[in-house]
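Novice: The primary structure of each chain is shown beneath.
2 protein chains.
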Amino acid sequence: MKSVEEMPGHLVRRFQQVAVAIFHAEVGQAGSDITPVQYAALVAISTNPGVDQVTLAGLIAYDRTTITGVVDRLVHKGLIVRNASTTDRRARALHITSEGQQTLETITPAVEQAQEIMLRGLSEDEQKAFMYLLQKAIGAVNDLSRAPMRTPTQET
Amino acid sequence: MKSVEEMPGHLVRRFQQVAVAIFHAEVGQAGSDITPVQYAALVAISTNPGVDQVTLAGLIAYDRTTITGVVDRLVHKGLIVRNASTTDRRARALHITSEGQQTLETITPAVEQAQEIMLRGLSEDEQKAFMYLLQKAIGAVNDLSRAPMRTPTQET
DNA sequence: TGCTGATAATCAGCATACTGAGTAAATACG
DNA sequence: CGTATTTACTCAGTATGCTGATTATCAGCA
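Residue numbers (our numbering), protein chains in the order written: chain V, 1 to 156; chain L, 1001 to 1156.
Do not take every clue at face value.
Covered stretches of chain V, going by a simulated chain L footprint (3 or more residues, C-beta under 8 Å) [as the list claims (entries may be wrong)]:
hint : region
1    : 5–11
2    : 14–20
3    : 73–81
4    : 90–100
5    : 105–117
Keep in mind that the hints were calculated from the coordinates and are not lab data.
We put the CB at the ideal spot given by N, CA and C, even for glycine.
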């Protein structure tokens, strides 16, 4: 039997664990308690004003049931607003608030700093190779989870 | 601002998400509802009979508070037993049961199959490179999380 | 138009992960 | 020996992520 240290699944879990810890440390130092998940959602809402929750979920590959809680917390923090859609009464249109935009600008340098720390063990070339391989590997299995990534251009 | 798709943190979260889904699909097909976390713990207990929970946590880089629940569920499923340590009354000695060993043997092929599926987008050489870079990157940041990996040989 | 199936959001329930606090027991040290 | 510190475990609380069910609404079609 192979050791778990040789299994990609275990290593990825481990790396993700460290990545989240680094994110919290850096963003916390910048004075915010935003989580990695909340940050990705905030960026996506900022870039796609008025997006509904299902589309938002597809943009950042979250499960639809997870989005509900994430959006709740962002609304509670005053960083976004959730209104009924004018065209579809089932859907909610999400918009970032000025406070949300402010938060985004404040913490983005810390977030990018965190990304560098995560990869500090790799050289420039190795970092590029790692990112390439990671994207390639994910691309080949994207449809195997309940929450696949869906870009707007990718009209089914 | 960089897109989240260019951030290693986001990509790793995404890959981990898919990896867990693949694990559940393969192991489920083999007739078990063991989770990735429970599998790693079961392997570690099988390899280190009588291990206590803190040491177990270090072996697979879990947080000490997470281990409590994982061990609870493995005990409840009858795959391991948790006894008071004979040498330290604070500690619990963990042992795998014959049923646990049986489960391990049954699902290990499915687990290894899952690892192959995760990397199906990469060539042989790319898979090797990816694993190397992943291990190297993790090694450089291991101590930045609350639950660092601690091998028995690594006497602080 | 009216019914059927699909869709958006939510909720209940379970399993990680973490922070921080508390209890019991072991160890260190004067 | 006795106290101070450390250690092993557990618990409360919060935030992902998932499965599966439910509700409200929309869209397609006879």
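Novice: Each hint needs a verdict: does it hold in this structure or not?
Specialist: Comparing the hints with the structure gives:
1. 5–11: Contact hint for the region 5–11 of chain V vs chain L: holds, 7 residues under 8 Å.
2. 14–20: With 7 residues close enough to chain L, the hint holds.
3. 73–81: violated (count 0)
4. 90–100: Violated, because only 0 residues of the region 90–100 of chain V bring their Cβ atoms closer than 8 Å to Cβ atoms of chain L.
5. 105–117: Per the Cβ count (6), the hint holds.
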